[in-house]
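Student: The chain contents come next:
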Amino acid sequence: KQEVTQIPAALSVPEGENLVLNCSFTDSAIYNLQWFRQDPGKGLTSLLLIQSSQREQTSGRLNASLDKSSGRSTLYIAASQPGDSATYLCAATDKLIFGTGTRLQVFP
Amino acid sequence: DVKVTQSSRYLVKRTGEKVFLECVQDMDHENMFWYRQDPGLGLRLIYFSYDVKMKEKGDIPEGYSVSREKKERFSLILESASTNQTSMYLCASSTSSDSNQPQHFGDGTRLSIL
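Sequences listed follow chains Z and R, in order.
Numbers 1 to 108, taken from my numbering, label the letters of the first sequence in order.
Numbers 1 to 114, taken from my numbering, label the letters of the second sequence in order.
Bound-form chain Z, shown alone (with noise of 0.2 Å):
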């Protein structure tokens, strides 16, 4: 069965730092990989869904990675902002299985 397993489970670090989040999962033969961002007491927001034909998707300051092989994928925020404070989760969404999540707090 499908595990997502997310480390750190929580990073704090000051504004304009380069980040790495984490995110494995033991089943290789997964579709598709999700990011998500919540903010406390609200939904899921999606940032990043990467195909598995794909290595990494962009979109302005975050990057998102897949490595198949390895089965692991890593979420890389530029240049951090306190705006970035949020819990990010992972998700194998064809398999519809999430990871814990990495709750983040970036600090002026």
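Listed next, the stretches of chain Z that the computed footprint assigns to chain R, with coverage defined by at least 3 CB atoms under 8 Å from CB atoms of chain R:
| id | stretch |
| --- | --- |
| 1 | 41–52 |
| 2 | 98–106 |
Straight line, CA to CA, 20 Å or less: simulated DMTMM-like cross-link-like pairs of lysine to aspartate or glutamate:
| id | chain 1 | residue 1 | chain 2 | residue 2 |
| --- | --- | --- | --- | --- |
| 3 | R | Lys70 | R | Glu30 |
| 4 | R | Lys71 | R | Asp28 |
| 5 | Z | Lys1 | R | Asp59 |
| 6 | R | Lys53 | R | Asp26 |
| 7 | Z | Lys1 | R | Glu56 |
| 8 | R | Lys57 | R | Glu30 |
| 9 | R | Lys57 | Z | Glu3 |
| 10 | Z | Lys42 | R | Asp38 |
| 11 | Z | Lys42 | R | Asp26 |
| 12 | R | Lys71 | R | Asp51 |
| 13 | R | Lys57 | R | Glu22 |
| 14 | Z | Lys42 | R | Asp107 |
| 15 | R | Lys70 | R | Asp51 |
| 16 | R | Lys18 | R | Glu62 |
| 17 | R | Lys71 | R | Asp98 |
| 18 | R | Lys53 | R | Glu30 |
| 19 | R | Lys71 | R | Glu30 |
| 20 | R | Lys55 | R | Glu72 |
| 21 | Z | Lys42 | R | Glu22 |
| 22 | R | Lys3 | Z | Asp39 |
| 23 | Z | Lys42 | Z | Asp84 |
| 24 | R | Lys18 | R | Glu79 |
| 25 | R | Lys55 | R | Glu79 |
| 26 | R | Lys55 | R | Glu22 |
Restraint-style ranges between C-beta atoms, simulated for each label pair:
| id | chain 1 | residue 1 | chain 2 | residue 2 | range |
| --- | --- | --- | --- | --- | --- |
| 27 | Z | Arg72 | R | Ser82 | 35 to 45 Å |
| 28 | Z | Thr45 | R | Arg73 | 21 to 31 Å |
| 29 | R | Gly40 | Z | Gln81 | 20 to 30 Å |
| 30 | Z | Ser70 | R | Lys71 | 34 to 44 Å |
| 31 | Z | Glu56 | R | Gly63 | 39 to 49 Å |
| 32 | Z | Pro108 | R | Tyr50 | 43 to 53 Å |
| 33 | Z | Asn18 | R | Phe20 | 42 to 52 Å |
| 34 | R | Tyr10 | Z | Gly83 | 17 to 27 Å |
Read the hints as simulated data drawn from the structure, not as lab findings.
From the three backbone atoms N, C-alpha and C, an ideal C-beta is built for every residue, glycine too.
Here the structure of chain Z is known, so what remains is to put chain R in place on it, guided by the hints.
Tutor: Same frame as chain Z, but now just chain R:
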């Protein structure tokens, strides 16, 4: 713009009550999902539906049922609410015409069972 609306943001009910959580999407999506989210456990799929009047069990369907009478509406039903069903419930939808389109989520319903 894509919109998934959950009828209540906060709900308080008593043990043994029958509880209805409603979700409506305006994107003509075929697929709809109900998840619950608990600290340390992440999102877990309760039920999903790929079409009107169609439903499939997710990972934790016990104690729940669903109804999809119309394409835009997917209801989650707690037949006899129990305290262990206190949680954040999230509804999502997606299109089946392109499986590489993202899921869209509502803002969630925080349900407390007393």
